[in-house]
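Protein chains in written order, with UniProt numbering: chain A, 1 to 265; chain B, 1 to 265.
Check each hint, because a few of them may be wrong.
Copies of the same chain look alike in the list, so a pair counts if it works inside one copy or between any two.
Cross-link-like lysine-lysine pairs, in silico, BS3-like; alpha carbons within 30 angstroms at most [as the list claims (entries may be wrong)]:
#	residue 1	residue 2
1	K168	K245
2	K152	K168
3	K257	K168
4	K168	K242
Bear in mind the hints are in silico, worked out from the structure with no lab data behind them.
Because the structure is a prediction, the values reported are computed rather than measured.
2 protein chains.
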Amino acid sequence: MAITVQDVIDYLERPVKRIDNTVDGLNAGQPLMEVSGIAVTFVASQHAIEEAVARGANLLITHEGEYFSHRGGQEQWPDDSVVAEKRRLIEQSGIAIYRFHDYWHAYKPDGITEGLKDALGWGTYERDELSYASVIEFPEAKSLQEIAHDAKERLDLPHVRVVGDPAKMCRLIGLSAGYRGGGANSIPLFGRYNLDLIVTGEGPEWETPEYVRDAIHQGAGRALLLLGHAESEEPGMKRLAKLLKCEFDGVPVSFVKQTPLFNIL
Amino acid sequence: MAITVQDVIDYLERPVKRIDNTVDGLNAGQPLMEVSGIAVTFVASQHAIEEAVARGANLLITHEGEYFSHRGGQEQWPDDSVVAEKRRLIEQSGIAIYRFHDYWHAYKPDGITEGLKDALGWGTYERDELSYASVIEFPEAKSLQEIAHDAKERLDLPHVRVVGDPAKMCRLIGLSAGYRGGGANSIPLFGRYNLDLIVTGEGPEWETPEYVRDAIHQGAGRALLLLGHAESEEPGMKRLAKLLKCEFDGVPVSFVKQTPLFNIL
Chain A
1 MAITVQDVID YLERPVKRID NTVDGLNAGQ PLMEVSGIAV TFVASQHAIE
51 EAVARGANLL ITHEGEYFSH RGGQEQWPDD SVVAEKRRLI EQSGIAIYRF
101 HDYWHAYKPD GITEGLKDAL GWGTYERDEL SYASVIEFPE AKSLQEIAHD
151 AKERLDLPHV RVVGDPAKMC RLIGLSAGYR GGGANSIPLF GRYNLDLIVT
201 GEGPEWETPE YVRDAIHQGA GRALLLLGHA ESEEPGMKRL AKLLKCEFDG
251 VPVSFVKQTP LFNIL
Chain B
1 MAITVQDVID YLERPVKRID NTVDGLNAGQ PLMEVSGIAV TFVASQHAIE
51 EAVARGANLL ITHEGEYFSH RGGQEQWPDD SVVAEKRRLI EQSGIAIYRF
101 HDYWHAYKPD GITEGLKDAL GWGTYERDEL SYASVIEFPE AKSLQEIAHD
151 AKERLDLPHV RVVGDPAKMC RLIGLSAGYR GGGANSIPLF GRYNLDLIVT
201 GEGPEWETPE YVRDAIHQGA GRALLLLGHA ESEEPGMKRL AKLLKCEFDG
251 VPVSFVKQTP LFNIL
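Required output: the full structure, derived from the provided sequences and hints.
Written out as structure tokens, the structure is:
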């Protein structure tokens with residue numbers, strides 16, 4: 001039986017109560033189009049769209065949108081040649097692009113955090129599950145250096161950024177993804193659980209990183225590990241690709257990995 | 001003649017038209033206190049406050065505040081032990097803390113951008129001065145790698161983050177500081193001047209970095225160099241310390257440098 005774009009959207013949004021004012025939705029393409037293949041990715045980059053098309057997918061499911069902004073589309077950048085070229089690719093390919101951000105985060109447990117936790121191999125150490133983070137308790141403390149090394153290996157990352165002494169031993173860890181590394185989430189989380197370490201995606205540098213710097217200077221010994229926004233949310237989208245593969249078993253489903261965004265010089 | 005905290009504030013705010021709803025102001029201490037010494041820094045970290053006190057300064061002038069947030073003070077983190085310890089230090093030392101953020105950015109030229117431009121040695125190459133950025137035109141193109149290397153040496157940085165090919169040759173550069181690396185500033189700036197490179201502090205990773213990644217994938221060949229928020233704004237505060245030294249020549253004025261915030265693992 002033919003599967004339409006709308007069938008896939010209905011399947012994805014069904015487990016969650018309707019969200020108002022969401023960024024999620026069908027940004028390109030037609031809901032009644034028959035799906036020949038699904039590609040899943042973190043961000044609808046030029047590369048991800050081209051790769052989806054090359055693989056024969058006509059539905060791209062993405063966590064972040066096409067036009068470099070949490071809200072709003074190409075109308076934000078009316079005269080930009082890069083944006084125009086991308087719009088051309090999307091229109092000419094006829095690909096449907098569905099953004100799956102708020103709904104995936106609203107799953108219980110959060111689809112993105114869950115994917116990250118599993119990719120790190122920390123599932124069995126979860127002590128508490130919050131709406132925006134997971135609290136991990138290792139049976140024995142590990143050094144920040146060792147945790148960073150493991151995370152790089154498991155997530156296939158060339159580097160991570162840390163605030164704190166690489167030799168610092170950590171047992172209680174807050175884990176969050178994406179932009180949840182900001183102070184509003186992370187500072188109360190440190191206090192509530194007296195965490196040794198928060199592992200997250202990104203956040204403004206003068207918020208949590210400066211808090212951790214002060215904590216260290218006071219001798220309170222906290223640490224922060226920033227995986228990167230994309231790097232922290234990709235495993236959650238990879239997990240989604242697996243789910244879709246099980247649900248729509250007549251439709252080819254594949255995951256488009258992004259290359260690391262930053263080089264360190 | 002005795003100089004008061006208010007005298008220094010008046011001197012600093014005089015060149016700029018009154019700003020409403022500013023984050024600037026006297027966050028600790030009394031305006032009529034006589035100033036025995038001035039310390040200037042990027043952020044009122046625990047270290048910077050202790051160092052100011054140790055040097056005999058009783059006025060700390062800072063670009064970012066004490067409590068890990070662009071707006072708001074310690075009331076945001078009511079039960080946090082790190083915040084409580086910091087508040088204790090501030091109260092017991094009696095130091096005055098004046099935040100000089102919006103006014104310094106509102107100078108013509110912007111005191112922070114100007115300090116960064118001079119520290120990089122790019123003053124003579126300025127082609128255009130905008131309120132939020134400077135446009136630099138090198139007489140001859142340099143590689144991104146070379147520009148990164150020079151910036152690290154001149155600003156004393158252990159590393160910088162880049163998006164783009166280190167071999168990419170760059171002649172037209174947008175320079176901005178702090179959090180101005182976000183898409184709203186940087187994407188139109190790229191287009192308006194057809195820039196090869198933007199050098200800035202930080203910004204959300206899914207905005208300008210993803211835009212540059214797409215531009216590169218399309219063959220448009222743009223690049224981004226992130227110095228770090230603190231690292232990009234510190235030179236502007238160092239420049240301020242020099243100005244104050246000239247103006248208040250009976251008062252000891254010194255600059256408190258921050259150590260690099262992040263390690264790369």
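Each hint, compared with the structure:
no., hint, result
1, K168 with K245, "neither (41 angstroms within a copy, 40 angstroms between copies)"
2, K152 with K168, "both (18 angstroms within a copy, 27 angstroms between copies)"
3, K257 with K168, "between (32 angstroms within a copy, 24 angstroms between copies)"
4, K168 with K242, "neither (36 angstroms within a copy, 38 angstroms between copies)"
In this structure, the hints that do not hold are numbers 1 and 4, in rising order.
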